[in-house]
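Trainee: Each residue of the sequence shown is one higher than the one before, starting from 3 at the first, in our numbering.
It should be emphasised that the hints constitute simulated quantities derived from the structure, not laboratory data.
Hints should not be assumed to be uniformly reliable.
Said to hold, decoys possible - Okay, the calculated beta carbon distance ranges per label pair:
#1 109 - 86: 31 to 37 Å
#2 24 - 109: 28 to 34 Å
#3 25 - 47: 23 to 29 Å
#4 108 - 29: 26 to 32 Å
#5 94 - 41: 22 to 28 Å
#6 75 - 19: 17 to 23 Å
#7 62 - 11: 19 to 25 Å
#8 44 - 24: 33 to 39 Å
#9 107 - 82: 25 to 31 Å
#10 38 - 86: 20 to 26 Å
#11 108 - 19: 16 to 22 Å
#12 57 - 17: 14 to 20 Å
Stated by the list, open to error - Here are the simulated lysine-lysine pairs, DSS-like style, with alpha carbons at most 25 Å apart:
#13 59 - 27
#14 59 - 14
#15 104 - 29
#16 104 - 49
#17 101 - 81
#18 15 - 60
#19 59 - 49
#20 27 - 15
#21 81 - 10
#22 60 - 36
#23 104 - 36
#24 81 - 36
#25 104 - 10
#26 49 - 101
#27 104 - 67
#28 59 - 15
#29 101 - 59
#30 27 - 67
#31 60 - 14
Quick reminder that beta carbons are idealized off the backbone N, C-alpha and C, glycines included.
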Amino acid sequence: MIINLGWKSLQKKYITDRAVNKTFKNKVQRFMTKAFLETVTDLNNGKIQFVFLFEDKKYVVELVKNHMYKDRGYICGIKRSTYMEFGPSFQPEILPYLKEYKQRYMTQAYMLG
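Kindly produce the complete structure, drawing on both the sequences and the hints.
Mentor: Encoded structure:
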């Protein structure tokens, strides 16, 4: 539940950022506004795994540390079936919000005294 609250906040931001029409949405926009974030797992190998529930199906999306181009930070990894279902616009749409989720909700805060 707490995991999904952070995602809900980012869903609202997505709607505002993209000016999503409430009555007409493409499949990627429906996913971005309706998907439930079940789990987030740091796999400790430069990957963070997000498991979403959308229309009674689970979708695994990975935020992967880009070792080839360190200045580009992270890339988004999805299964072929997810790509076939949502198309090429899915990864660029979700990537900034996964990175923001990581930054906001998974980065440890250190207090300096």
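Trainee: None of the hints should be skipped; say for each whether it holds.
Mentor: A quick look at each hint next to the structure:
no.	hint	result
1	109 - 86: 31 to 37 Å	holds, 33 Å
2	24 - 109: 28 to 34 Å	holds, 32 Å
3	25 - 47: 23 to 29 Å	violated, 42 Å
4	108 - 29: 26 to 32 Å	holds, 27 Å
5	94 - 41: 22 to 28 Å	holds, 23 Å
6	75 - 19: 17 to 23 Å	holds, 19 Å
7	62 - 11: 19 to 25 Å	holds, 22 Å
8	44 - 24: 33 to 39 Å	holds, 34 Å
9	107 - 82: 25 to 31 Å	holds, 28 Å
10	38 - 86: 20 to 26 Å	holds, 22 Å
11	108 - 19: 16 to 22 Å	holds, 21 Å
12	57 - 17: 14 to 20 Å	holds, 18 Å
13	59 - 27	holds, 19 Å
14	59 - 14	holds, 22 Å
15	104 - 29	holds, 24 Å
16	104 - 49	holds, 11 Å
17	101 - 81	holds, 19 Å
18	15 - 60	holds, 23 Å
19	59 - 49	holds, 22 Å
20	27 - 15	holds, 16 Å
21	81 - 10	holds, 23 Å
22	60 - 36	holds, 13 Å
23	104 - 36	holds, 19 Å
24	81 - 36	holds, 20 Å
25	104 - 10	holds, 14 Å
26	49 - 101	holds, 12 Å
27	104 - 67	holds, 12 Å
28	59 - 15	holds, 24 Å
29	101 - 59	holds, 23 Å
30	27 - 67	violated, 30 Å
31	60 - 14	holds, 21 Å
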